[in-house]
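Visitor: Here the protein sequences line up with chains P and G, keeping their order.
When we follow this note's numbering, the leftmost residue of the first sequence carries the number 1, and every step to the right adds one.
When we follow this note's numbering, the leftmost residue of the second sequence carries the number 1001, and every step to the right adds one.
Note that these hints are calculated values from the structure, not bench results.
Each hint should be verified, as a subset may be incorrect.
[To be verified] If you anchor each label on the Cβ, the simulated ranges turn out as follows:
1) G/A1144 with P/E283: 55 to 61 Å
2) P/R223 with G/I1446: 55 to 61 Å
3) G/V1173 with P/R223: 56 to 62 Å
4) G/L1280 with P/E24: 38 to 44 Å
5) P/D152 with G/E1253: 43 to 49 Å
6) G/E1139 with P/M226: 32 to 38 Å
7) P/D152 with G/R1424: 56 to 62 Å
8) P/P262 with G/H1142: 36 to 42 Å
9) G/R1424 with P/E24: 45 to 51 Å
10) P/R13 with G/A1305: 38 to 44 Å
11) G/K1261 with P/R13: 52 to 58 Å
12) G/L1280 with P/A249: 47 to 53 Å
13) P/T233 with G/K1261: 56 to 62 Å
14) G/V1173 with P/P211: 52 to 58 Å
[To be verified] Here are some chain G residues pointing at chain P (derived, C-beta under 8 Å):
15) E1206
16) A1211
17) E1253
18) Q1325
19) E1330
20) P1427
Note that the Cβ used here is the ideal one computed from N, Cα and C, for glycine as well.
The chain contents come next:
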Amino acid sequence: MIRHLLSTEDLGRDDALLVLDTAEYMATVADRSVKKLPTLRGRTVVNLFFEDSTRTRTSFEVAAKRLSADVINFSARGSSVSKGESLKDTALTLEAMGADVVVCRHPASGAPRRLAGWVRGSVVNAGDGTHEHPTQALLDAFTIRRRLGRLDGLSVTIVGDILHSRVARSNMWLLSTLGAAVTVVAPPTLVPVGIERWPVTVSYDLDAVLPKSDVVIVLRVQRERMTAAFFPTEREYTRRYGLDADRLAAMPASALVMHPGPMVRGMEIASDVADSTRSTAVEQVANGVSVRMAVLYLLLGGTREVA
Amino acid sequence: MTQRVDAAVRDPVDSGGRWLLRGVRPLGGAAVDMLLDGPVLAEIGPALSAPGATVLDADGLIALPGLVDLHTHLREPGREDAETVASGTRAAALGGFTTVFAMANTEPVADTAGVVEQVWRLGRTAGHCDVRPVGAVTEGLHGARLAELGAMASSAAAVRVFSDDGNCVSDAVLMRRALEYVKAFDGVIAQHAQEPRLTENAQLNEGVVSARLGLPGWPAAAEEAIIARDALLAGHVGSRLHVCHVSTAGSVEILRWAKSKGWRVTAEVTPHHLLLTDDLAASYDPVYKVNPPLRTAADVEALRAGLADGTIDCIATDHAPHAPQDKETEWAAARPGMVGLETALSIAIMVMVEPGLLDWAGLADRMAGAPSRIGGLPQASRDVAAALRPGAVANVVLLDPAARWTVDPHAFASRSRNTPYAGRSLPGRVQATFLRGRPTVLDGKIV
């Protein structure tokens, strides 16, 4: 197993499958009355969050606690970081406290990779700027495989703000590594220059892509993009790229709708669609804990034989 | 190399004593002896005899005119923790330079006669390399009102090059006025070509690599659009425009077109843009963060070709020292820039001379003659052949073309170590530098 989880771009197929298979076992723990394994007793996991993200932080916290690790939440707000301490000094401080794993969320792309150069422990990227969010992609892949039984040969469509999305980047690398064919759909302003080298098909027309999609991953679109002229109005975005009931009906009957959350209902996804049985949004949250348990476990030297 | 140094050569005034350089190859030509007598290159010829002169066995070393850097950040006043005039000029001397142009983005900004004179005097005191201050185009580099360009031109520093480097003079009217105004004293505006709206928060060349790394892109068009506009303005008002650190293939094309019109447009390229590419950013190590950003291999190739055919006039280092805490950060938080004075000549040899794109005379023109012409240095230094004839000022660098050396940032004379070449083996070693006949570097070490 790799020492750090910084991106899915450099995650091999075998390692990715090992995480998913381990997560299957971890998921069974959630069904027990005592939802806890002694595996990481005495190990310390630090949640180092430079961006507010209650959902992701909590998910990592639950995952670490289910493995009996000690968890320290280190949030940038109210700490020495807000007084100008550098990322490097924060890293050295955590190092001195004996962190075995640092889970890092940071607004700057590449910050977890820099961190990995300064600490002895493992680093997990919990979302860095507009770069990657590997555990989100792993939990999405896990969710798809549980629902549809496979990843190989599936058509997965990612629709939304591809340019600024770390979820899109992590998903397109991981899902193509695992054999899915990925299509990204967005207004051309939200497709990065240089995308031609990604293992994806690019489309500007959601309606053309939906009938061929086994999975549609809907990304949040931030309202502030509108003021920077990425698209004219919220209404026009929803009309062209929002997933509503009509569009859901155009998809194959078995196709899934996924959203990494938080959702902007009425913007990129209609409420009816978000709440439909085809939507996996809530399931994704539960699977997130299993996948993060698997990642922490494997990074700390675990093997396939868990218990 | 051996030498006998006698006490007289340490005379702080410009009289360098008498130096007989045995067996040097001027501009890579046949071996001759060269006699430096005080500040003057007195004689060149075979088997010179010069009683009383210090003899330096320079057999096989190439003699070039002292190098001139149009684009150096010396950081003083304001960031003396990163560089000072004294440390920066020692670095310059080790790199073979005898003149550096010090950029205006200090704290306070060099936008008054007072500040440019201060920098000029610090250079005189340090004594390792002439310092020619660059004056700011606009007050505080804010791009709103012209600084007192005439006062800086008439000051003791005799400023001829004006630049808001770090910022682009993006306002077209202000740029036009600046270009026109400096005609009164044969000045030149050195533009940092970066359209600001297209590059807000930009981190890396916009393309395949920036898309993958999730770093906001710095599009080539943001440089090229400003160069095209400024070339048109310079042509319209008949003024001199110099373009700083050209980094894209498109810029080279636009410059070629502007020159074909006969407009007075010149340009520089940095050593790093002639060698490094944007994929190095994959490590997110900000040692590769620089502005303009590293571009693609196709851009590097076009820049080399442009420098070879004269479309790009010269090499300038954009030596940009930064304290460790400004580089040991996440990519977006780091300051852009690389140190370059002590590696520039070696990189130039590697990318231009070794592949046969320039001969030694050509290299000397790109690193001494052309920057002298653009920067308004004395007539004699503008032609590299003339600069090594008897009667010329004794600004000479001796270079061992066969030597290789490994870059050790901790061995730099610069106060900063932000080099992208740490551990790299580079060709060509400066053995000696003479500033007006006085050695500033001997045996590869500061005198």
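Visitor: Please write out, lowest number first, the hints stated earlier that are contradicted by the structure.
Guide: Hints 3, 7, 13, 17 and 20 are the ones this structure does not satisfy, whereas the remaining hints hold.
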